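Visitor: Chains as they are written, first to last, in the numbering used here: chain Y, 1 to 115; chain X, 1 to 112.
Because the hints were derived from the structure by calculation, they are not lab data.
Take these hints with a grain of salt, some might be off.
Computed beta-carbon distance windows for the label pairs [stated by the list, open to error]: (1) PRO104/X / GLY99/Y: 22 to 28 Å; (2) THR55/X / GLU14/Y: 46 to 52 Å; (3) GLN80/Y / SER84/X: 39 to 45 Å.
Keep in mind it's a predicted model, so treat the numbers as computed, not measured.
Glycine included, C-beta positions come from ideal geometry on N, C-alpha and C.
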Amino acid sequence: EAGVAQSPRYKIIEKRQSVAFWCNPISGHATLYWYQQILGQGPKLLIQFQNNGVVDDSQLPKDRFSAERLKGVDSTLKIQPAKLEDSAVYLCASSPGGGQTDTQYFGPGTRLTVL
Amino acid sequence: AQSVTQLGSHVSVSEGALVLLRCNYSSSVPPYLFWYVQYPNQGLQLLLKYTTGATLVKGINGFEAEFKKSETSFHLTKPSAHMSDAAEYFCAVTDYGQNFVFGPGTRLSVLP
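Take the sequences, apply the hints, and build the full model.
Guide: Quick look at the structure:
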């Protein structure tokens, strides 16, 4: 079965510009996660969707970050405007259900550099 | 809120030696615990998880971890390291109604 797909793999932008990341989860997976992984740190959950509804976005900086999961399948994460501290790898993951013991399957990530 | 600490940001072992990666957590209720591995330029992959039941959990690639409630620990071990084990290892915790929280990671180097 195909894994979690993410694009682009790399992105370089200047501060105050906008950027969008795309994620296509494993087919049939109900739950989709976006994480931010800053160099040298563990991933931090930004937002969790179950189908097309938001389960948790408590750590999403809503003044500049937004995410959507239309039709409960693929998802986009947007940053507008970007700051230097947004430089990180953005990971998308999916799981079959919404249970907290579900295994999460991760994509390869998008590495964002903000200059 | 839960938190995870991983002692040692970088661990080096010789090929064939014991691998021990430490993880301690804080949680006010019984936790669910996970170890994920991240190979260079790849996404994270689940090694093993503890939910309920047996406290010694076996995972893929010969790894295992033991949940010790009294020590609030979930250390990851492998009897004999292989070159292919070189990667970043993340411990994570969640519990009922809470977010998934990852530790800072431990980079494992395996020396020939």
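Visitor: Find the hints from earlier in the document that the structure breaks and name them by number, from lowest to highest.
Guide: none
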